[in-house]
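Produce the complete structure using the sequences and hints provided.
Chains as they are written, first to last, in the numbering used here: chain A, 1 to 250; chain B, 1 to 124; chain C, 1 to 165.
Think of the hints as simulated: they come from the structure by calculation, not from any bench. None of these values were measured; they are calculated from a predicted model. Just so you know, even glycine gets a beta-carbon here, dropped at the ideal spot from N, CA and C. A couple of the hints might just be wrong.
Unchecked claim - Pulled a few chain A residues facing chain C out of the computed Cβ check, cut under 7 Å: (1) 50; (2) 52; (3) 59; (4) 60; (5) 61; (6) 63; (7) 65.
Said to hold, decoys possible - Derived DEER-like restraints, expressed as beta-carbon distance ranges: (8) A/33 <-> B/79: 39 to 45 Å; (9) C/42 <-> A/7: 41 to 47 Å; (10) A/84 <-> C/26: 38 to 44 Å.
Said to hold, decoys possible - Restricting the straight-line Cα-Cα distance to at most 30 Å, the calculated cross-link-like pairs of lysine-lysine (DSSO-like) are: (11) B/123 <-> C/124; (12) B/101 <-> C/147; (13) B/26 <-> B/74; (14) B/121 <-> C/136; (15) A/63 <-> C/124; (16) A/63 <-> B/101; (17) C/124 <-> B/39; (18) C/124 <-> A/24.
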Amino acid sequence: MGSVLPDPSGLQINGVYYTYTPQKATADDFEVSLGNWNADKSGYVWNEVDNWDGSPGGVSIIKNIPLPYTHRSQFGDGFLNTTGVGTVEDANIIYSYKVDPCYNPQADVNCPGFVPPTPETVDVSTLYDVTEDAEIEEVETDMYTEESEEDDSETEEEKEEEDRKKRLERAMSIGDNSAMFAQGLAQTQMLQQMNAAVNVSTYLSKTIQGGVYTESVQLDGGNLPDNRGARRMNWATQKLHEEMIGMQYK
Amino acid sequence: MKKLAVVLLLISGLSYSHEMTPTYPKWKRAHLSGILKAKMELFNKRNDVEYYEIGVFNKDFEPVPFVSAYSVIKLKYLGKVVFDVFINSTDKSRVVYICSKSKLRKEDLRRTAVASRICSKFKD
Amino acid sequence: MFKSLIIILASISTFALAENTSINGSVQSRCIISTDTEGTYGNPNAYTLTTAVSDGGVLAVTRFDVTLADAYYAQITAPNSFSTSPSLPDTVTWTGDTVVKAISDSTGMADYETNKVEFDYTDKYDMTATGSTWFKTTSAATMGGSKAYAGGSYTSLVLAECIAQ
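Below, the structure written as structure tokens:
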């Protein structure tokens, strides 16, 4: 049944529906047996026997077998057997089921009874510890002794080499510094020359040619006579002026 | 050729049905003298039918006069109705069947439709 | 006394009342008619409408569910007229037949087909066993004079009856 049913472990079957068409002669005896063994083949989960003795063929049978919810683990192999004279055509056996997603509580975090898994502990005592290997200790000691002697002899040479390198580095750095200083000095002098070429101070101390502009028009005599031709107008405006002055005293 | 298949639901599929009970009703005296009544129950599981016609017949399926609240009952899909059928007590001997027949509206017809009629029988 | 009485009444009102709610039902013998498949007319030529599968049609299938043995007759009447159709240019010749398509009891229902009674367009079966029985109905309508059917919608009715014995 494993190849027939889908994967979920919480699958429970609650019914079987089957149909087929027997082909036989009316007078012949014919019997069809269908069902499922249980897992240990000690009996049936379900079993139906259809007796077609004396019945005409060519008429399909359709049956629906309700079952109590039965877990897939209890189902063994299915079978369709015939006895007598006749054949079975167009057989269909359909299982109806439901799936309990929390049948295995560990399947989902939200399932009741879910227990967070604890990491597996490793038995350290079974592991090989190289630091406690006696043979390795001896080898290490020997190697240390030889290396220490060699280190002493090589130290002086290395020191001299290092000193040589350092002196060289110092000398090169001094040379670099001098070159940089010279370049800086040259740049400064160049800037000064450029500044001298541009006389900014003469712009700042520029004076504008100005002076005093005196009135060139003079009035001779100092007396301005009235215009006789406009005396009427003059009198009118004079009178109006006096009236306006007098109004402020009323 | 054998085929094995697994489905989540039972194959009830799309089947439209109609039923009427009891199969063997009995006459009882009504509130008026000389009148008998029988109580029937009708269940509509046809989503393509909303109307059922009630009829009372003799053994040859000839109509017998009767009275009910409605001769044509309107019953929605998955609806159930209990109704009374009244006859004259003098007709009791010749009444054999009470039938309910689906009435299909012309605009609802499609292809070859099935009209269903269920008859209950009066047994002496 | 009066105060103590009030206190007692108040405390009683806080108790929850429990009731039993019953579910009632009755089992009765019944016959249920179901439409399993609605038929479709194929149009193999201009003057023929038929439900034959080889001509592009679909057979109408009706299911009878019976809960009491020897209590019902099943009568299926094939169509002999159109319920709706355009104007017909001539008389239509009808043929139709019903046979058992499937059963749910190989022992009790195997002889339904051999024991049926036929008259006109009707096939009558004695439902001697409980369970489900499927009936398929064929129908063909041929226009007289080999005249063509006009374009439009054609519908006919299969009458399925369940009659108490």
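Going through the hints against the structure:
no. : hint                      : result
1   : 50                        : holds, 4 Å
2   : 52                        : holds, 5 Å
3   : 59                        : holds, 5 Å
4   : 60                        : holds, 4 Å
5   : 61                        : holds, 5 Å
6   : 63                        : holds, 5 Å
7   : 65                        : violated, 11 Å
8   : A/33 <-> B/79: 39 to 45 Å : holds, 43 Å
9   : C/42 <-> A/7: 41 to 47 Å  : holds, 43 Å
10  : A/84 <-> C/26: 38 to 44 Å : holds, 42 Å
11  : B/123 <-> C/124           : holds, 21 Å
12  : B/101 <-> C/147           : violated, 35 Å
13  : B/26 <-> B/74             : holds, 24 Å
14  : B/121 <-> C/136           : holds, 26 Å
15  : A/63 <-> C/124            : holds, 23 Å
16  : A/63 <-> B/101            : holds, 29 Å
17  : C/124 <-> B/39            : holds, 28 Å
18  : C/124 <-> A/24            : holds, 25 Å
Checked against the numbered hints given earlier, the structure breaks hints 7 and 12 and satisfies all the rest.
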